[in-house]
Amino acid sequence: MFINWALGELNLKIVYYGAALSGKTTNLQYIHARTPANLRGRLISLKTQQDRTLLFDFLQLEMGKVNNLKPKFKLYTVPGQVYYAASRRLILQGTDGVVFVADSQAGRMAENQESWYTMEQHLIELGHDISTFPIIVQLNKRDLPHVISAAELRNQLDVQQRPCFEASALRGNGVFDTLKAIMNAVVMQVRRSL
Amino acid sequence: MYMHGSFSLLSPPTLLQAFCQERRSVYLAARLDRTAAAVWIWEGLIVAATCDGLEGHEAVYRLAGWDSGLFTVAPIYTSPVPTMEATCEELLLEAARRRDEDYSDSDDMSASALLV
Numbered sequence: 001m002f003i004n005w006a007l008g009e010l011n012l013k014i015v016y017y018g019a020a021l022s023g024k025t026t027n028l029q030y031i032h033a034r035t036p037a038n039l040r041g042r043l044i045s046l047k048t049q050q051d052r053t054l055l056f057d058f059l060q061l062e063m064g065k066v067n068n069l070k071p072k073f074k075l076y077t078v079p080g081q082v083y084y085a086a087s088r089r090l091i092l093q094g095t096d097g098v099v100f101v102a103d104s105q106a107g108r109m110a111e112n113q114e115s116w117y118t119m120e121q122h123l124i125e126l127g128h129d130i131s132t133f134p135i136i137v138q139l140n141k142r143d144l145p146h147v148i149s150a151a152e153l154r155n156q157l158d159v160q161q162r163p164c165f166e167a168s169a170l171r172g173n174g175v176f177d178t179l180k181a182i183m184n185a186v187v188m189q190v191r192r193s194l
Numbered sequence: 001m002y003m004h005g006s007f008s009l010l011s012p013p014t015l016l017q018a019f020c021q022e023r024r025s026v027y028l029a030a031r032l033d034r035t036a037a038a039v040w041i042w043e044g045l046i047v048a049a050t051c052d053g054l055e056g057h058e059a060v061y062r063l064a065g066w067d068s069g070l071f072t073v074a075p076i077y078t079s080p081v082p083t084m085e086a087t088c089e090e091l092l093l094e095a096a097r098r099r100d101e102d103y104s105d106s107d108d109m110s111a112s113a114l115l116v
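Just so you know, the protein sequences line up as chains V and E, in that order.
Per our numbering, the very first residue in the first sequence carries number 1; after that it's consecutive.
Per our numbering, the very first residue in the second sequence carries number 1; after that it's consecutive.
Bear in mind the hints are in silico, worked out from the structure with no lab data behind them.
Check before you lean on any hint, since a few could be wrong.
So, partial list: chain V residues that the calculated Cβ filter (under 8 angstroms) puts toward chain E [as the list claims (entries may be wrong)]: (1) Phe2; (2) Thr25; (3) Leu46; (4) Thr48; (5) Leu59; (6) Gln60; (7) Gly64; (8) Pro79; (9) Tyr83; (10) Ala85; (11) Cys164.
If you're wondering where the values come from, they're calculated on a predicted model, not measured in any experiment.
C-beta atoms are modelled at their ideal positions from N, C-alpha and C, and glycine is treated no differently.
Using the sequences and the accompanying hints, generate a full structural model.
See below:
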């Protein structure tokens, strides 16, 4: 969270985290394409191996003000490959909430679990309390064949009571449900802390 | 009106992000041993930079990796001649990506030493 006093904005940061090719980039591209141009910033794209790192910001007018400050959300993806640790840590610094994008395909469980583990480690290192930190889980690629059941995926990731949304980011299914859930969770957390 | 400090207390990425997020117009001069760096920020965008003989984007990538050194920041009131135009985040994320990829090519460095 960053309070921009001069502009009367509350800058809130949401990071889409997950294994390489899990669909983080597709989520952000879909959201950016459907956000009115006058409310969003430029989509910045940095190429990494296999993945891309994307970011853009947008004003959320429907949500109302928080302590008289306009909430402005900045969405990021992290590069999924294991060795981009410094990049992931930089992106997670100051984050207010995380969307964990899990790949539902049966053959991707090891990558999902590794990614979940590193996300928790980074958040703990950054001083967050994992039990209360806003994390929404998106079970992506539900439209593909050979996906494991949502219940099994939740169990394998040990997501416990965290909200989960089934999605197909490529088709747009579940993308905005996930986004609304994390925005609400982040704003609720901010209101609790003020 | 100046601000002085040490990068051992406030890292270059944190300092640059603070001025850019507030959309300030400032000149940052920094020194690490015999190496000098300078960054011009105009209304929140990095518009020129030099570091250790490098200019533009490469200079910011180099400065982002400093973990010590001293800096001075002063406001500027007229736009400098821009030699680049980039958001702070774009530059810092690229700097982090390069460090990660440099590390992945190296066998004898500790990953934790590269974390920002």
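Chain E contact restraint on Cys164 of chain V - CB to CB distance below 8 angstroms: This hint is violated: Cys164 of chain V lies away from chain E, its Cβ roughly 29 angstroms from the closest one there, beyond 8 angstroms.
Per-residue hint verdict: Gly64 of chain V, partner chain E, C-beta under 8 angstroms: Violated, about 22 angstroms.
Cut-off 8 angstroms, beta-carbon criterion: hint that Tyr83 of chain V touches chain E: With a minimum Cβ separation of about 4 angstroms from chain E (threshold 8 angstroms), the hint on Tyr83 of chain V holds.
Restraint check, 8 angstroms cut-off on beta carbons, for Ala85 of chain V near chain E: 5 angstroms, holds
Hint validity - Leu46 of chain V Cβ closer than 8 angstroms to any chain E Cβ: Given a least distance of 5 angstroms, the restraint on Leu46 of chain V holds.
Residue hint Thr25 of chain V, partner chain E, criterion CB-CB below 8 angstroms: 14 angstroms, violated
Hint check: 8 angstroms Cβ-Cβ cutoff, Phe2 of chain V to chain E: Check passed: Cβ of Phe2 of chain V comes within 6 angstroms of chain E, closer than 8 angstroms.
Interface hint compliance - Gln60 of chain V to chain E, C-beta minimum distance less than 8 angstroms: Since the shortest Cβ distance to chain E is 18 angstroms, the answer is violated.
Restraint satisfaction for Pro79 of chain V [CB to CB of chain E, less than 8 angstroms]: This hint holds: Pro79 of chain V lies near chain E, its Cβ roughly 7 angstroms from the closest one there, short of 8 angstroms.
Leu59 of chain V as an interface hint toward chain E, with CB separation required under 8 angstroms: The hint is violated - Leu59 of chain V has no Cβ within 8 angstroms of chain E, the shortest such distance being about 15 angstroms.
Minimum beta-carbon distance criterion (8 angstroms), Thr48 of chain V to chain E: 6 angstroms, holds
Violated hints, listed in ascending order, are 2, 5, 6, 7 and 11; each of the other numbered hints is respected by the structure.
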